[in-house]
Amino acid sequence: MAIRSQLLKGILEGCILAVIEKQPVYGYELSVKLHEYDLDVSEGSIYPILLRLQKEKLIQGQMEKSPNGPNRKYYYLTDEGKDSLEEFRQKWDWIKKPVDQILEKGESL
Amino acid sequence: MNTQQLISENNRKREFLTKENKEYYEDMLVYIRLSFDKSDQETEEVLNEMLDHVLLAQEEGRTAKDIFGSNPKQYADEVIGELPRMVTKKQLQYFVMGIFYLLAAWVGMSGIISTGAYYLFHVGELYEDHYLVSQILILLISIPLAFLYLILTLQYIRWSTFKSINRVGEFLLLWLIGMLSFGVFFLIYYFMPDIGPNLQLPAYIKIIIGVILFIFGRILYKRI
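Note that the protein sequences, when read in sequence, are chains A and B.
Numbered per full-length UniProt numbering, the first sequence finishes at 109, counting up by one with no gaps.
Numbered per full-length UniProt numbering, the second sequence finishes at 224, counting up by one with no gaps.
Chain A on its own, in the form it takes in the complex (with noise of 0.2 angstroms):
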């Protein structure tokens, strides 16, 4: 369970850079658009995760005024994160056909 969640968190992590990178967001916004793509984590799962994000410097947050009134903190990625998302598609790219791989074998055995 401990090792599953690990790697569930770190997938996550990797899936809130690639969206802040396209556009900053706020929580809300961000937990709307993971949403959007089908990734059905709990909604408040996202704060831990943006705090930590932002301790490791690779998010920034940012109080704005948002289009339709009220101050939001939106997150920007930072060049750390720029990087730490890139590692995160090639080890991405490196894993996933592999694990799709072994798993249809493992279907049709």
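Quick caveat, the hints were computed from the structure, so don't treat them as lab data.
For glycine and all other residues, C-beta sits at the position ideal for the given N, C-alpha and C.
One or more hints might be untrue.
What the hints assert, rightly or not - What follows is a list of derived Cβ distance ranges for each label pair:
id: 1; chain 1: A; residue 1: 95; chain 2: B; residue 2: 223; range: 33 to 41 angstroms
id: 2; chain 1: A; residue 1: 22; chain 2: B; residue 2: 18; range: 31 to 39 angstroms
id: 3; chain 1: B; residue 1: 113; chain 2: A; residue 2: 76; range: 55 to 63 angstroms
id: 4; chain 1: A; residue 1: 87; chain 2: B; residue 2: 18; range: 37 to 45 angstroms
id: 5; chain 1: B; residue 1: 73; chain 2: A; residue 2: 98; range: 52 to 60 angstroms
As the list claims (entries may be wrong) - Derived SDA-like pairs: lysine to any residue, alpha-carbon spacing no greater than 25 angstroms straight-line:
id: 6; chain 1: A; residue 1: 33; chain 2: B; residue 2: 45
id: 7; chain 1: A; residue 1: 57; chain 2: B; residue 2: 80
id: 8; chain 1: B; residue 1: 163; chain 2: B; residue 2: 150
id: 9; chain 1: A; residue 1: 55; chain 2: B; residue 2: 5
id: 10; chain 1: A; residue 1: 55; chain 2: A; residue 2: 97
id: 11; chain 1: B; residue 1: 90; chain 2: B; residue 2: 37
id: 12; chain 1: A; residue 1: 91; chain 2: A; residue 2: 34
id: 13; chain 1: B; residue 1: 13; chain 2: A; residue 2: 74
id: 14; chain 1: A; residue 1: 9; chain 2: B; residue 2: 80
id: 15; chain 1: A; residue 1: 73; chain 2: B; residue 2: 13
id: 16; chain 1: B; residue 1: 38; chain 2: A; residue 2: 56
id: 17; chain 1: A; residue 1: 91; chain 2: A; residue 2: 65
id: 18; chain 1: A; residue 1: 57; chain 2: B; residue 2: 6
id: 19; chain 1: B; residue 1: 222; chain 2: B; residue 2: 45
id: 20; chain 1: A; residue 1: 9; chain 2: A; residue 2: 42
id: 21; chain 1: B; residue 1: 22; chain 2: A; residue 2: 94
id: 22; chain 1: A; residue 1: 73; chain 2: B; residue 2: 209
id: 23; chain 1: B; residue 1: 163; chain 2: A; residue 2: 42
id: 24; chain 1: B; residue 1: 38; chain 2: A; residue 2: 63
id: 25; chain 1: B; residue 1: 13; chain 2: B; residue 2: 2
id: 26; chain 1: B; residue 1: 89; chain 2: A; residue 2: 60
id: 27; chain 1: A; residue 1: 33; chain 2: A; residue 2: 5
id: 28; chain 1: A; residue 1: 82; chain 2: A; residue 2: 7
id: 29; chain 1: A; residue 1: 65; chain 2: B; residue 2: 2
id: 30; chain 1: A; residue 1: 57; chain 2: B; residue 2: 39
id: 31; chain 1: B; residue 1: 22; chain 2: B; residue 2: 9
Since the structure of chain A is already known, use the hints to place chain B on it.
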């Protein structure tokens, strides 16, 4: 936005929560705020984000429980675990501010009690004896005790936040702890021998010193 602005924003926006969401959110708010060694700016920022999230989800018919799960304490612990620590300089400033307030309360109250006792009940004198070394010793023992009491109280509130506790029992317990700590302070004061040169201070001077110390504490708080 600075910490104070975030807090007043939070107070204003919280009123728009439904009763159920308000109860859930406020428990978490109290619990997270009581992790006092965390950066207060970051704490208020994430609390504000979480509140915005609940407010938006609420309009779509989802509750705080749907968002943060059915174990708010566990979720709050997760958030606290990721919050950055408060910088040492700020911790020190809060500590010094605490000392100023404590001294202000101590000196000021002692002045007010002496004045009240003298004029209302004709007890004691307006010019009281203060033995310098004794006073310093009392302070050196009382200040750590007061901080210990403060920390224990905060820990107790943290522990009790997500539990439904018998209110009468809780009141009696806090009353007992309060009386005990008051008793300890009183014993220290009472049994302290007279050491060092005697300063005779009139009670009104003590009230003035108390007010000045309070203002210092207040200025420090504004600057943190």
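Item to check | Restraint status (C-alpha distance of residue 22(B) to residue 94(A) at most 25 angstroms) | outcome: 46 angstroms, violated
Checklist entry - Going straight from one Cα to the other, do residue 91(A) and residue 65(A) come out at no more than 25 angstroms? => result 36 angstroms, violated
Item to check | Given pair status - residue 37(B), residue 90(B), alpha carbons within 25 angstroms | outcome: Satisfied, since the Cα-Cα distance of roughly 10 angstroms is no more than 25 angstroms.
Checklist entry - Should the hint that residue 113(B) and residue 76(A) are 55 to 63 angstroms apart at their CB atoms be regarded as holding? => result Hint holds: Cβ distance 57 angstroms, inside 55 to 63 angstroms.
Item to check | Restraint check for residue 222(B) with residue 45(B), where alpha carbons must lie at most 25 angstroms apart | outcome: Holds, at about 19 angstroms.
Checklist entry - Straight-line Cα separation of residue 82(A) and residue 7(A) no greater than 25 angstroms? => result 20 angstroms, holds
Checklist entry - So does residue 22(A) sit 31 to 39 angstroms from residue 18(B), Cβ to Cβ? => result With Cβ atoms ~34 angstroms apart, the hint holds.
Checklist entry - For the pair supplied as a hint, residue 73(A) and residue 13(B), is the alpha-carbon distance within the 25 angstroms limit? => result 16 angstroms, holds
Checklist entry - Regarding the pair residue 57(A) and residue 6(B), is the alpha-carbon distance no greater than 25 angstroms? => result Since the Cα atoms of residue 57(A) and residue 6(B) sit roughly 23 angstroms apart, the hinted pair holds (cutoff 25 angstroms).
Next on the checklist: For residue 38(B) and residue 56(A), compute the direct alpha-carbon distance and say whether it is at most 25 angstroms.
Outcome noted: Distance of about 16 angstroms is within 25 angstroms: holds.
Checklist entry - Under the criterion that the straight-line Cα-Cα distance not exceed 25 angstroms, is the pair residue 57(A), residue 80(B) satisfied? => result 18 angstroms, holds
Next on the checklist: Would the hint linking residue 13(B) and residue 2(B) be met if the CA-CA limit is 25 angstroms?
Outcome noted: It holds: about 16 angstroms lies between the C-alpha atoms, which stays within 25 angstroms.
In the structure shown, a violation is registered for the earlier hints numbered 1, 5, 10, 17, 21 and 22, in ascending order.
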